[in-house]
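In this note's numbering, each number is its position in the sequence shown, counted from 1, plus 639.
Pair ranges (Cβ atoms, derived):
| no. | residue 1 | residue 2 | range |
| --- | --- | --- | --- |
| 1 | His771 | Ser903 | 41 to 47 Å |
| 2 | Lys983 | Thr854 | 39 to 45 Å |
| 3 | Asn713 | Glu993 | 24 to 30 Å |
| 4 | Gly847 | Lys910 | 21 to 27 Å |
| 5 | Gly957 | Asp928 | 15 to 21 Å |
Keep in mind the hints are simulated off the structure, nothing from the lab.
Glycine included, every Cβ here is placed at the ideal spot set by N, Cα and C.
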Amino acid sequence: MTINLYDRLNEAATNHTLPAVVAYNRIDGPGSSLDLRSFQQAIWRLSQIPKELRSDPSMEWSRKMPRTIGITINTGTRVEAHPFEQDKIGVQSIEYGTEVIGKPGEIVPSKENWLLKIIDIFCLSGVMFVLHNLRTGTHSAGLGGSATATTGVCVLANELSGRPFSGTQLVSMASCMEHDLGISITGTQEQANVIYGGIVDYIWCPWGIPGQPDTGFGTSIRTELLPPEYYKECEKRMTVFHTGKMRASTDVNAIWSNSLLTISGYALHAKKPEIAYEFREGIRLQQWDRITESINDYRKIRTHLCSDYLAGAREIVGHSTALGCAAFPLGAGGGGGVLVFGPKPESLATFREEIKGVYREIPMIIKSSGHDLINLPLKGERKWKSKY
640 MTINLYDRLN EAATNHTLPA VVAYNRIDGP GSSLDLRSFQ QAIWRLSQIP KELRSDPSME
700 WSRKMPRTIG ITINTGTRVE AHPFEQDKIG VQSIEYGTEV IGKPGEIVPS KENWLLKIID
760 IFCLSGVMFV LHNLRTGTHS AGLGGSATAT TGVCVLANEL SGRPFSGTQL VSMASCMEHD
820 LGISITGTQE QANVIYGGIV DYIWCPWGIP GQPDTGFGTS IRTELLPPEY YKECEKRMTV
880 FHTGKMRAST DVNAIWSNSL LTISGYALHA KKPEIAYEFR EGIRLQQWDR ITESINDYRK
940 IRTHLCSDYL AGAREIVGHS TALGCAAFPL GAGGGGGVLV FGPKPESLAT FREEIKGVYR
1000 EIPMIIKSSG HDLINLPLKG ERKWKSKY
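Please construct the entire structure, taking both the sequences and the accompanying hints into account.
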């Protein structure tokens, strides 16, 4: 089965209605790295999960489970479908100035083909996916940019082929394609953020939720921690600064993963879920000092396991701490973006004023959705039974 999009996309181009997906980045905070496959599998243990998962808002039973709290922000990648040669597919990145082209059914699973291979999986032809960052200067910002782009391509390809895959399946696909084809060491948090969005607590279930059929890798137990009407309270207290340094996320993640193989390293990693749980509860209950403490505790463990985590961010961490704020290098650290959280908005305002001109701020607004669909569904789309 081949879905040739050439004619329909030509018509859409004429009508200025080319289909697109805007996929948004995330702030992860404490819990980052617990979504990596090796961490999920190493730390997860069978728990007595209540029959009604949300009967207890605190979800105390999940305190020791691997989790990440994702906060969707208004940076990310726009992925747009353009008409292309009838029997070919392509991917073009505006920021990186790259273009990869191939023939459907003949795309080899190599690193340079990772996005092209996703399009090929959906049996599409006659289409070029064009990727464009929503904001300049966010390369290597620790916001999950490559995973956001990968998931955006998965979502758009899924839409153009009539939604054959569910949201969980897209999370799994995006994660496996990026990780297994050697783009980066990645887990499932950025991908889940693009699919679901908002301020969400993700409890990772590496083999699916026990007792629930039709779940597997990419599955999470999700809880919205704050509804949109409370987003402003978070926005007053957090921002992201870019150090201007390049991150080596794969190298740092590899060091953390290797430390799982030592007794002392595993013991430190095993402390992370409870700290992430404190971060969760701090957000849910708007207990801002609790958030500060969890960020500081989590950063200390990560730095102890890999000193390169703070590369390029030590000045921000020291200066923010002196003002009663907490700083957290995003993603795998090693430079790039740093989350600065101030339990009191005036403390963050002071930090912002004092560091102005030294580091560049990445302004952000919290979003309730992880992606937006534009000019979709495309006319003539085939429909499958499954949906998000």
